[in-house]
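S.K.: With the hints as your guide, set chain P onto chain R.
Here are the chains, one letter per residue:
Number of protein chains: 2
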Amino acid sequence: MPKKNIFIVYAHPEPRSLNGTLKDYAVNHLQDAGHTVEVSDLYAMNWRAEADSRDFPEHDPEKRLFYHSASKEAFLTDTQAPEIKAEQEKLKWMDALIIQCPMWWFSMPAILKGWVDRVYARRFAYGVGYHGYERYGAGNLKGKRALLSMTIGPEEAHYSERGVHGNIEDLLFPITHGILYYPGMDVLPPHLLYRAAALSPDGFAPVAETYRTRLEGLFTDEPISFRPQGGGEYDEQFRLKPGIADGKSGFAIHRRD
Amino acid sequence: MPKKNIFIVYAHPEPRSLNGTLKDYAVNHLQDAGHTVEVSDLYAMNWRAEADSRDFPEHDPEKRLFYHSASKEAFLTDTQAPEIKAEQEKLKWMDALIIQCPMWWFSMPAILKGWVDRVYARRFAYGVGYHGYERYGAGNLKGKRALLSMTIGPEEAHYSERGVHGNIEDLLFPITHGILYYPGMDVLPPHLLYRAAALSPDGFAPVAETYRTRLEGLFTDEPISFRPQGGGEYDEQFRLKPGIADGKSGFAIHRRD
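So the protein lines, in turn, are chains R and P.
Numbering-wise, my numbering comes out as the position in the first sequence, counting from 1, plus 350.
Numbering-wise, my numbering comes out as the position in the second sequence, counting from 1, plus 350.
Bound-form chain R, shown alone (with noise of 0.2 Å):
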């Protein structure tokens, strides 16, 4: 298999837990299998997670900050805060991005979700192209892989297609469709390990076997079918055309399965 480069965003404040030593077996069975990895440990880095002027070094502090539009200018000028550049440069160098992360809330930790607010800047991640919207499926990461893997503390079936807090699937859509695919990603199924607080310290040789599988199938296990923008499935108001899932509803009418 040829050698890539895989980046991993990795999230935990806590080395010892199970997401740092899920982090830590695929550093070692990617490195094993000849690959380069490059790790953003968010918490060891001290990443800030809240977007603000601080970003924008340039910015003028008497000026209104238009969040968007200070960070398309700092993305053109090469002037944002060098730590968003640095995450910037792991994004184009890689082949596939790696998140590592529990489930808060039902979405990702706020260090995280800082990452992405301050990383994914304007004409880097979304505003890109003539009319800025190539996206889903087209990109500025196009042709990359994703593979979110994430810990949750509670067991499957609440999460089941019936489950009180909603489907896993749809859960996750604001992440795999809305950061994962919108910059051009192809983004597998999620690696999602339940009853993670229940673990204990002997239980990781299965769950190691079955990441381990995900691992491997990097590069060659099916993305999730989601509809590009650009296949001609989307009118220009960007909704589905009448004639595509007719009758269904959820976010299940953006995939082709």
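By construction, these hints were calculated from the structure, which means they are not laboratory data.
One thing to keep in mind: the hints can contain errors.
Claimed, not checked - Calculated lysine to aspartate or glutamate pairs in the DMTMM-like style (CA-CA distance at most 25 Å, straight line): (1) P/Lys598 to P/Glu519; (2) R/Lys440 to R/Asp571; (3) R/Lys413 to P/Glu364; (4) P/Lys598 to R/Glu519; (5) P/Lys492 to P/Asp552; (6) P/Lys422 to R/Glu566.
M.R.: Showing chain P alone in chain R's frame:
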């Protein structure tokens, strides 16, 4: 109308923003109506978004941090970081919560997610009751009201039933259901302002008029008809029982309408 206590959590880095204007408008309007208003301006407070061991000053750094158990321990022994306790006191004091923020990447800004991650302590917002499952229609914030007031950059069609980003009700479900309904609040339909970036300064009058109606209905408008977990509609594995919303799918099955 009886005078009430209203808590506004506001998250925007720019005081001169539309979000700042909406927050100020709500404060003034609600105070003029005789209510007492408390505001947490997260950026002005330098709210730390990153949940970690600093939230539990008594936590022994030599010991592995299990965030949820440390959270419970600190909540029960009154040893949480003071800024966390202060926010919990406001949640106990209030009759209604208003969240004012922009939509960033199909969710809330990281600073606000970090408010949820840290303030929603175990035994306060989750793990409540004898079995730890008093939630969704029950919990410590039962009987209080919640209104999410959010600005959205693009236009409404893109978030419509068949819009490319996914429909807005489902995109907000992790917040309305997962964060606001979970600890027991009655959640009103969100107040959404599309094309926020394109709004000119003199375009605020009609916006204010619409928002005023929502503020005046804060205690009288009909909440979203989410199904309470303890209402007999879920089984012991917290799955919707057969016969309820049969043949339907997606988050909509968790509403009674």
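S.K.: Taking the hints in turn, state whether each one holds.
M.R.: Tested hints:
{"no.": "1", "hint": "P/Lys598 to P/Glu519", "result": "16 Å, holds"}
{"no.": "2", "hint": "R/Lys440 to R/Asp571", "result": "23 Å, holds"}
{"no.": "3", "hint": "R/Lys413 to P/Glu364", "result": "10 Å, holds"}
{"no.": "4", "hint": "P/Lys598 to R/Glu519", "result": "15 Å, holds"}
{"no.": "5", "hint": "P/Lys492 to P/Asp552", "result": "39 Å, violated"}
{"no.": "6", "hint": "P/Lys422 to R/Glu566", "result": "38 Å, violated"}
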